[in-house]
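Peer 1: Protein chains in written order, with my numbering: chain A, 1 to 143; chain B, 1 to 512.
Each hint should be verified, as a subset may be incorrect.
[What the hints assert, rightly or not] Here are the simulated SDA-like pairs of lysine to any residue, each with C-alpha atoms no more than 25 Å apart in a straight line:
#  : chain 1 : residue 1 : chain 2 : residue 2
1  : A       : K36       : B       : I470
2  : B       : K433      : A       : V76
3  : B       : K433      : A       : E71
4  : B       : K105      : B       : K433
5  : B       : K433      : A       : V52
6  : B       : K139      : B       : F263
7  : B       : K433      : A       : W104
8  : A       : K36       : B       : N463
9  : A       : K36       : B       : P146
10 : B       : K139      : B       : D435
11 : B       : K433      : A       : I24
12 : A       : K36       : B       : T196
13 : A       : K36       : A       : I24
14 : B       : K433      : A       : K36
[As the list claims (entries may be wrong)] Examples of chain A residues lying across from chain B (beta carbon under 8 Å, computed):
#  : residue
15 : R4
16 : F6
17 : V8
18 : I42
19 : L46
20 : M79
21 : P87
22 : F97
23 : T120
Because the hints were derived from the structure by calculation, they are not lab data.
Every residue gets a Cβ at the ideal spot worked out from N, C-alpha and C, and that includes glycine.
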Amino acid sequence: MSDRIFGVVGIILSIGFAISAFAIQESFLSDAVGPKAFPLIIATILGLSSAVIALRPDPEPVWPAFGRLVEVGASVVVMLLYAQLLPELGFVISTAFAAAYLSWRLGSSVIGSILTGVGTSVGIYAVFHLILGLSLARGPFGF
Amino acid sequence: MELLANLGDGFVIALTWQNIGLALLGCFLGTVMGALPGLGPSNGVAILIPLAFTLGLGATPSLILLTSVYYGAMYGGRISSILLNIPGDEPAMMTCLDGYPMAKKGMAGEALSLSGIASFVGAFLATWGLILLAPQLVKIALLFGPAEYFALFALAFMTLGGVSSTNQAKSAFAAALGLGLAMIGVDTQTGVPRFTFGEVHLYDGLDFLVAIVGLFALSEVFIFLETRHGEASGSGRKLEIGRLTPPWAMIKQCTPTMLRTSFLGFLAGVLPGAGASLGSFISYSMEKRLVDKEGTFGTGDPRGVAAPEAGNNAAAGGALVPMLALGVPGSGTTAVLLAVLLSLNITPGPLLFTQNPDVVWGLIAALFIANFMLLAMNIPMVGLFTRLLLIPPRILMPIVAMVSFVGIYGISGSTFDLMVMIAFGVMGWVLRKFDVPLVPIILGTLLGNAMENNLRRAITIDNGDWFTLIDSPLALFLWAIAIIGFILPLIIGAKVKKGMHERRDEEGAISD
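Here chain B stands alone, though its shape is the one from the complex:
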């Protein structure tokens, strides 16, 4: 019953006016960012991190704000999928398949409310999964020494390209690039400067927030400039919604689907290298195989709307498990959330649960609260969000760019950081052209120093013997998973990616 007591403490922390207000704000902003094509969850969280800091929010309030954005974006993505056939963010891709046909049949309102309920079920169950699974994982993680941690970091990088990755060389390139960027600055163990080229600003290392905002938010602005895509996707189309309550029979029909796919999505979220996009893809494909006997999937079957939505929201919750318990995120947005923790001087991982229980349980309680808020926001108020789809990018994108500048300038007040951010924006744009994933770069800059420290600690403990890295069964086990995770996509990656991206829009290419 310790669990319930902890959860109770968490609610005490989360239920202050400030935190409730932040959760509400986060849910609203998140839904907006999820709904607008071109702004995904990782973008949304990235833009808001610097602001959360400059506002001087503490650890728990910042996390509550940003995870509410994360959950909100997962809810919001479905809105433009259903109404416009354009996924608002990548995990919502599969929702287009049945959501848009439903909207064409005049059932847009039903599709929106049903998918809202499915999102709620997925996220709610996944939050319980997080509560139950994370402490167990912590128990395992306490057995980890430096060598095991080094193997775990390697595992995260090698699997991050994901099952859907087609070019592992580019994932590896991205990871190495990120790690290389993390090496800039004064070496923490011996105090010698590395890769600073005499530039004093670089002695502290690159601020990873600058890198994140540049890579995610600014590169998006460049993509829009390049394609000159300034008109709203929703303009010139009638957004008819219709009745906003799904018939009881429809919910009943979809309940088994939602439960099954929540479980599946959660698993996909917990596993390294999968993330929400894969969660929704697997959920949809499995449901299609399992219940689609009349061949109605793809023509506006409500179960085809419920499955990917429950799946991707459950995966979003699942992805928090390794991030909180091990300090190693499994997806893009959780990597960005890790940046939040690190900047707040909180080291995620097993010790987080003993040293900062207030942060963990406050966050979990906030997730529950956010979930109910999102359900309330996404069913009766969905009309408000559909109207936001009419904001054209030619107005939205300058705002995104300027808010990014404000946030970064607010942290340091230095022009140098702004220049670095622009450089990262250009780099992100070029790399996206080459189909190089950006998430490993972020993870590299975030974890590079921790990874190196663990390597050096492990070897120093064993008097310079490099074989200590593969000395324990646990380390060997982690290395084995890492290698399988790296090689598997080479065999099956192309097939999965093809299935996932058949109908993908060119926008919002930052995968989760």
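Bound conformation, chain A alone:
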């Protein structure tokens, strides 16, 4: 069943891709093929392969329980927050939080995850910024 849904989503994707390909504005100076042809070929392959996936599904993949999906979803949210907050809070603080969260969710104790978070953040800062001179995001405190 999963593969059938996947195939249908793929077909919708290919139709969407084809529609946006048709919507590409042609330039008045164009080569013989133009900017639309290759995307349309791709859309065709995408659609055909999705149809085959939908019609001949593989055995069902093992989906995690609902709780684990929430887990993955939560970590995605944390990473998105991290990406947004990085320029605001600076590298060391935001990285310490994000790494501590991930480590905690992978089963570290609270103290262990705080140590991992701070260690990762300070360690990366020391190696990449202080030694190798890579510019990392600067927060209000300059690190």
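Given the structure of chain A, go ahead and fit chain B onto it with the hints provided.
Peer 2: Chain B only, in chain A's frame:
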């Protein structure tokens, strides 16, 4: 003798303190990444690419660092196969079959050192193979016009699913998805924006490094979160190593095996769509058929350890041949290495050998140097790496995630790129659940624009005649291989895959 002169020049380039240091660092990191389950060669190289750039390394030093990682990961994979019965990366799967039984018999040290020697033999011979074969391939490639190149790209995509692929529809889906992603951005020939939906950040197209790091490294983090696999695979087990030198008789017994499988592995590496996993699989199966008269394979036969290791390291070298000579990689990790070249503004392919001989020969010389370093690292110092197996993923995975973020942020300093990377991470996780291969997606985003340009060039040259694509015998030949390569797995794929994956662990599912 031009060859030796070129090689000599290469050594001059490679033998600077900086390059030797980078090779050493790469070998060490590569072995670590290969040894740790969950971080394979493609992951390892993917994480390090952005760092190599942000550090401002030039073309040759970056390549030396990253190919050392690649070779190192091929060596490192065997360590956890032998000690824990868990392959450190996919090509090391076959090493479990005899390596772990040897370790159980108390011969872990012998198995590790023997497989180290076998890796060395495989990689060493394959590097010679690369030197001899790549220039010949370049001569053929110089005959290629745009139509032939288009056919060659099609061949790469159609065979990339590999002989072991069971579902060609999913390989095709992945390739089309990658090509579709490559279309985003301003069209290089007419200057009109495509699929940008008014988002200014997309006018430049998606940065394929962002896609690679997201698809490979972040999706791995999600897999670990999903299974909540936070404990070290090595914890609670005694890692007894024992003596670290194999008896002379054992090496002697294995020498013919190593030579045969190096050759076979190299071939598997050069051929499109095979790669290192298949190299080790073919090597093991052939040796089993050829020399296993007493039925000792699978119970801790040293030849069963030497065969897949020589095979997969030789395949790793072989896979560099089409990548360097044609610009079309045949495996996952070489696809990632191609990304390095492209980002450095070096176009791989036949012209690379004439325009950037310093890059090519410096790289080849570095491979030789790296190989000797790896041999030295992997025999006396193997104890150090076994201790690293005790690092639990709950500490390792946050580090992987954060280093990925640092690398991508370092290139562009843009939050938008980080968001795109996270999106690719989620996409990679979902696609891996569906058993959709990720390598064709990467290759699609890498080669999409080149493929389209060749198509348009070929047709424009022939005044809009699409039949020009199948006009020359060379193009027809390439199309024929492409079609055979696509159809063959439908017939024999299921059987090969079953043999290969009988004992595969769920982790490290990114195949090479």
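Peer 1: Run every hint past the structure and note whether it holds.
Peer 2: Results of checking the hints against the structure:
1. Distance check on the hinted pair: K36(A) and I470(B) sit about 21 Å apart at the alpha-carbon level, within 25 Å; holds.
2. The hinted pair formed by K433(B) and V76(A) meets the criterion: a straight-line CA distance of about 17 Å does not exceed 25 Å.
3. This hinted pair checks out: K433(B) and E71(A) have alpha carbons roughly 16 Å apart, not beyond 25 Å.
4. Straight-line distance between C-alpha atoms of K105(B) and K433(B) comes to about 37 Å, which puts the hinted pair past the 25 Å bound.
5. A distance of roughly 18 Å separates the Cα atoms of K433(B) and V52(A); the hinted pair therefore holds under the 25 Å criterion.
6. Distance check on the hinted pair: K139(B) and F263(B) sit about 22 Å apart at the alpha-carbon level, within 25 Å; holds.
7. For the suggested pair K433(B) and W104(A), the alpha carbons sit about 24 Å apart, so the restraint of at most 25 Å is met.
8. Our distance criterion of 25 Å between C-alpha atoms is met by K36(A) and N463(B), whose separation comes to about 17 Å.
9. Between the alpha carbons of K36(A) and P146(B) the distance comes to roughly 19 Å, so the proposed pair stays at or under 25 Å and holds.
10. For the hint pairing K139(B) with D435(B), the CA-to-CA distance comes to about 38 Å; that exceeds 25 Å, so the pair is violated.
11. Simply put, K433(B) and I24(A) have alpha-carbon atoms about 33 Å apart, too far for the 25 Å limit, and the pair is violated.
12. Straight-line distance between C-alpha atoms of K36(A) and T196(B) comes to about 14 Å, which keeps the hinted pair within the 25 Å bound.
13. Between K36(A) and I24(A) the CA atoms are separated by roughly 7 Å; this keeps the pair inside 25 Å, and the hint holds.
14. For the proposed pair K433(B) and K36(A), the alpha carbon gap of about 32 Å is over 25 Å, so the pair is violated.
15. Below 8 Å, beta-carbon pairs count as interface contacts, and R4(A) has none with chain B, the closest being about 11 Å; its hint is therefore violated.
16. Contact between F6(A) and chain B, as hinted, is supported at the beta carbon level, the nearest pair being about 6 Å apart and thus within 8 Å.
17. Interface restraint check for V8(A): the shortest CB-CB distance to chain B comes to about 13 Å, outside 8 Å, so the restraint is violated.
18. For I42(A), the interface hint holds, since its Cβ comes within 8 Å of a Cβ in chain B; the closest pair sits about 5 Å apart.
19. The criterion of a C-beta within 8 Å of any C-beta in chain B is met by L46(A), whose closest approach is roughly 4 Å, and the hint holds.
20. The criterion of a C-beta within 8 Å of any C-beta in chain B is met by M79(A), whose closest approach is roughly 5 Å, and the hint holds.
21. Interface hint status for P87(A): upheld, as the beta-carbon distance to the closest one in chain B is roughly 7 Å, under 8 Å.
22. The criterion of a C-beta within 8 Å of any C-beta in chain B is not met by F97(A), whose closest approach is roughly 11 Å, and the hint is violated.
23. For T120(A), the suggested interface contact is upheld, since its CB lies about 5 Å from the closest CB of chain B, less than 8 Å.
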